[in-house]
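*Asks:* Protein chains in written order, with the numbering used here: chain A, 1 to 323; chain B, 1001 to 1310; chain C, 2001 to 2593.
Hints listed in this document are in silico derivations from the structure and should not be mistaken for laboratory results.
One or more hints might be untrue.
[Claimed, not checked] Partner residues aside, some chain A positions facing chain B, computed with beta carbon under 8 Å:
1. V156
2. L168
3. L169
4. G175
5. L178
6. T260
7. I264
8. A297
[Said to hold, decoys possible] To list a few chain A residues with every Cβ distance to chain B over 12 Å, as calculated:
9. V69
10. H86
11. V122
12. F126
13. L129
14. L211
15. I223
16. R227
17. W275
18. G276
[Stated by the list, open to error] Below, simulated DSSO-like cross-link-like pairs (lysine-lysine); rule was C-alpha separation at most 27 Å, straight line:
19. C:K2478 to C:K2422
20. C:K2218 to C:K2189
21. C:K2141 to C:K2124
22. C:K2291 to C:K2109
23. B:K1053 to C:K2247
24. C:K2145 to C:K2206
25. C:K2533 to C:K2520
26. B:K1175 to C:K2295
27. B:K1158 to C:K2331
28. C:K2564 to B:K1158
29. C:K2422 to C:K2396
30. C:K2218 to C:K2206
31. C:K2564 to B:K1175
32. C:K2337 to B:K1158
33. B:K1158 to C:K2459
34. C:K2124 to C:K2533
35. C:K2337 to C:K2396
36. C:K2145 to C:K2270
37. B:K1053 to C:K2189
38. C:K2218 to C:K2141
39. C:K2520 to C:K2109
40. C:K2109 to C:K2247
Just so it is clear, the structure is predicted and the values come from calculations on it, not from any experiment.
Glycine included, each C-beta is placed from N, C-alpha and C at the ideal position.
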Amino acid sequence: MAQDHAQRTASSPPAAVATSEAAAAIALPELYVRGRARGLWSDAFHRLLKNRLAVLGGIIILLFTIAAVFAPLIAPYGYQEIFSGHIIEDPSASHLFGTNLSGQDTLSRVIYGARNSLGVGVFVQFIILGIAIVVGGGAALGGKWADAILMRLTDVVYAFPDLLFVILLQQVLAGTRLASYVGGLFVVFFAIGLVAWVNLARLIRGQMLSLKTTDYVIAAEAIGATRMRIVLRHMLPNTLSPVIVALTFGIPSAIFTEATLSFIGIGIRPPLADWGNMIYDGYGAVSATPWPIFFPALALAITFLSFQFLGDGLRDALDPRTR
Amino acid sequence: MTGYFLRRLLWIIPILWLVTLITFGLMHLVQGGPFEAGSGKSSAAARQALISKYHLDEPVWKQYGYYMGDLLQGDFGPDLVRQGDTVNNILGQSWRPTVELGILTTLYASIVGIFLGILAAVRRNSVLDYLSVGFATLGASTPNFVLGIMLVILFAVKLHWLPAVGWSDGITDWKPAVLPVISLGSLPAAYIARITRASMLEVMNQDYVRTARAKGLRERVITLRHIVRNAMIPVLTLIGPISAGLLTGSFVIEYFFAIPGIGRAYVQAILGRDYPMIMATTLLYATIIVIANLIVDLLYAVVDPRIRYS
Amino acid sequence: MNARKKLFLLLAGSMTAMLVVAAACGGGTSSSDKTATASAGGSSGGNTPASGSTSAGGAPSDIAPDNQQVLTVNAQAEPNTEDPQAVSYTYELTVNHQLFMNLFDQDPKTSQLTAWAAAEVPTKANGDIAADGVTYTVKLKPDLKWSDGSSLTAQDFVYGIIRGYDLNVSGKAYGGFITSIKGAADALKLDPTSATYKQDVQNALKDSVVAVDDHTLKLVAESPSNAFLSNFTLPITSAVKQSDVEKQGANYGVSSTASTMVTSGPFKIKEWVPKDHLTIVPNDQYTGGQKPYLKEVNVKFIEDANQAYNAYQAGQLDESNIPTAAWPGIKADSNKKAEAKQEEEFGTRWITVDVTIAPWNNKDFVIGMNQATDREAIANDVYFGLREAWTAPCVKAVLDCNPDAFSNLAFNLDKAKASIAKAYPNGNIPTVTLETVDDPTTKALATTLQAQWQKVGVKTNIVTTDQATLRADMKNHKAGTQITGWGMDYADPTDLWAIFNTSSVGGNNLGFYSRDQYDKLESQQDAELDPAKRKDILNQLQDFLAADPPVIQFAVQLRTDMYKPYVKGLVSSPFDYINYGDQQLVNVYIAKH
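All chains should be built: construct the whole structure from the sequences, respecting the hints.
*Replies:* Shown next, in the form of structure tokens:
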């Protein structure tokens, strides 16, 4: 146990550290009985609602999500519509956020960009979660050998420099069929997801190991519940809250990583927009005007803060003992 | 416990070996080769000659064998892009800026972060608290390259105070270091500030602090001797991983400020399919990370006697 | 027999441009371009190296003291090497041209060959071209010296020229580019891995590259060729000092040994800091022409145009290329505009299309797409006037370029629709793919083309990737298009037209354009020594290309650089490498300021 603690806190770039730290700081909610569990979730929800910053963050995320989903209805123009003769214009009535180097409407691209940027943030979490459950859960429940092998595997992945490993994977995946769908978005999903799961896997393993020895699991075993049932009914749900918090912090981290890939020119492909490649494109015009960088950077910052606030709120709400 | 750390130390060897294996495999899966980008059809024969010279036409496992053979003798191999030069030679020159940038940024992030964190905690819920938390949050919410762009425009292009690109050793000529360090260090600074503040607040509620106060010690003494000292424990253990992250995660900043460091070499190497360079940089970074992890775990044991390794 | 070329790096630029260890032929954008004002920026010296004066003569009256004669410029990328036989990219050539002498150089104004290490240019009139039309005698200037003080002789040129055929040295660069020397084709067929390779190469060329005595060289061409002598302006034919090359072995020309490199040109390398900069200083032993005024030139390796321009504005550079988007602002500001220098390059920009795959295998479609491309809009909206709209694949200044021949390809939506309808009467046009490197200007170009082609019913799928993948995709017929162009190595039109012949396929001709009739015309025009007859063949050749175009030509390269006002003596040349005036750097000086 002590060893897990130490490993969990070990390195990785700051953003990722934030994720694992935040998650590691959460102790187990003590959910013994299903009936009480529901009460606990709703208690947590009430606590969350009292946290004004978290609510604000949640609302902003909701708004951005709506904008992303209904982009074609909300955006004034198409994301790849070109207005000839309106190159890098400053904000105006017809182009509220101005236009970019290609003469495209920045506001529309920020709105459509929310799809891809938030999409990366969220989908990457699914990949991370999938791998982390298999590796972390497998290590915790699969016996001594599985544990040893899987944890050594995480050690190895952990030893890679994150961003650089993502770039290498991106290059590998860019040569596969995966690259031909949605402007290479899947390449980005997998490149980030295949690297960023380590902390969560360790978290899940730690949680499950400690749950294994809790009274209610022992009790369930005693009354003859099947192993599968114990895992599904008792252990997974009780691992959930720290995982939710970790994933919440993981979203902005993945968005930043994707933005970094885009900034060095290997993110998703044009004409698709995301905030990272908008900043990169805007940098091409930086000697003329700051606006093409400003708006996507602002969207990125607001998103980051919103998830940060929401994550803080969730952590406090799900584990009332930490403050 | 010594036994534990000895085992961890030995475990580094297989980890690094697996890192070489995985990296080698992955990079050979990447399409194209180092001699693809060259131009001129007439050099087809020559390209073939180069390919066989570097064994690139042999099976990957054989190439791996050659590579490991050289590596075990401390030879990182030839630089395929700059023919005639060796990876040892190039890394020998480019490690300094990366390490200097990493160290300076760690110092900046720690000092600023701890200072803001303490300030915010001591003056909790005051304007100062909000200001420092606000500063930290904003610093963290802007990607480092965006911060870099803003700083360069303001301080280099408009005000002419600081250079826009380049690097010296960071000490004798400190000016080129300022903007990259601030750009790279603001996110970790914000993070350290958060943790410091939280840790301070936790310690402030501990019994021994109340006891000290009851004893009538002056507030300044209590803060410095009891609160700050104890609150620093979790913060200090963070600085290890953060500095490892900064050392290995600085390539965008190196790129943006045209700093001749390893991170930049790595990205160029990947895109140029310069296999030996990719291997060497990955291995170097992996070593830094693995050792940093080990040091952190050691630090844990030192500062928190409750942790026992077995 | 034909084929010679090697693309100059037109690349410049942006973030990715740096990441892209680019193929010589520019994949990316060149943010440095120009409009035809090839005016000398300063009033100084005026002596070109070729003028033969061995001292600076009368220094300009406004020259600053020696300790201020330091120029800091940007090469836009770090050279891989400065070995003359191994350099290939413009960012290598810009430095190499200062370090090593060639037999000939090109006049910055007339583009005619001038003598450099040679005492004069061989002609039939002066008897240095023999009656057989293939034997050339080149006499060297007297008293040429290496930077270590030793004599530079005809043998050194023989060594350098033959070394250029050692593909283990030059294979990634200009190796194999010059096939018009007798025996070259045989030398290029040799197996570079063979133990006797070096000796075999020498044997293949021993009768055609000969030192008659210390000051006289005999060169033999395979057959009469207009472009033959022009090849000896290329660095691959520079003299190098054999003992220096052998001493350094594989390390010759790379950063670690550069400061000991024995050079023959006006400069030598003082230091080379990897990934940051290199510094060149005057070579005191130089007697090949005017000696430089500058006491030190710092060459920085900043890949990104925005960073370079930032550094220029922050006072770190005396010269900078210009990010495309900054150009309107510079033009609008009279102070900044005064610092901008422009010249027309011998370079064009086009989209190579793979004529072996649909829909590009239909020549009516290619014609239609040429007609669908609004070049003015591209020049204005994408390049802000940093490039000039242009329909012909040759620039005006190329000998016998006939832009009128290509008027059928001019922008015209109605004609475009008709041509495309002719190619695809049922309207089932396959989607075309536009693969580009990922930098903002190239992407802006791609999205603009996408919108333009949409108007004639052609759907375009944009794919961004890196240069290496792009070349690989072209070779494997996966891409179909490549945004590229041609920067000419020398003024003779052979340098341009040979790109489209069959022997360039796979190298500089990634569109797989292969037409017997064209190949014939192309080799005829180089061999035809009568100017009037050659012009006639060149006209036929251009008519052929207009009827069956291998590319979608859209612009002419313009080089635009910023120079601090105190940088004087800039003499521009369409053959400048990276920076305005860098071919004639000896004339440049820092004025009092």
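*Asks:* Next step is simple, just say for each hint if it's right about the structure.
*Replies:* Checked hints:
no. : hint               : verdict
1   : V156               : holds, 5 Å
2   : L168               : holds, 6 Å
3   : L169               : holds, 7 Å
4   : G175               : holds, 4 Å
5   : L178               : violated, 13 Å
6   : T260               : holds, 6 Å
7   : I264               : holds, 6 Å
8   : A297               : holds, 5 Å
9   : V69                : holds, 24 Å
10  : H86                : holds, 23 Å
11  : V122               : holds, 19 Å
12  : F126               : holds, 23 Å
13  : L129               : holds, 23 Å
14  : L211               : holds, 21 Å
15  : I223               : holds, 33 Å
16  : R227               : holds, 27 Å
17  : W275               : violated, 9 Å
18  : G276               : violated, 8 Å
19  : C:K2478 to C:K2422 : holds, 25 Å
20  : C:K2218 to C:K2189 : holds, 23 Å
21  : C:K2141 to C:K2124 : holds, 20 Å
22  : C:K2291 to C:K2109 : holds, 20 Å
23  : B:K1053 to C:K2247 : holds, 21 Å
24  : C:K2145 to C:K2206 : holds, 25 Å
25  : C:K2533 to C:K2520 : holds, 15 Å
26  : B:K1175 to C:K2295 : holds, 26 Å
27  : B:K1158 to C:K2331 : holds, 19 Å
28  : C:K2564 to B:K1158 : holds, 17 Å
29  : C:K2422 to C:K2396 : violated, 31 Å
30  : C:K2218 to C:K2206 : holds, 11 Å
31  : C:K2564 to B:K1175 : holds, 22 Å
32  : C:K2337 to B:K1158 : holds, 18 Å
33  : B:K1158 to C:K2459 : violated, 44 Å
34  : C:K2124 to C:K2533 : holds, 18 Å
35  : C:K2337 to C:K2396 : holds, 26 Å
36  : C:K2145 to C:K2270 : holds, 18 Å
37  : B:K1053 to C:K2189 : holds, 18 Å
38  : C:K2218 to C:K2141 : holds, 15 Å
39  : C:K2520 to C:K2109 : violated, 32 Å
40  : C:K2109 to C:K2247 : violated, 40 Å
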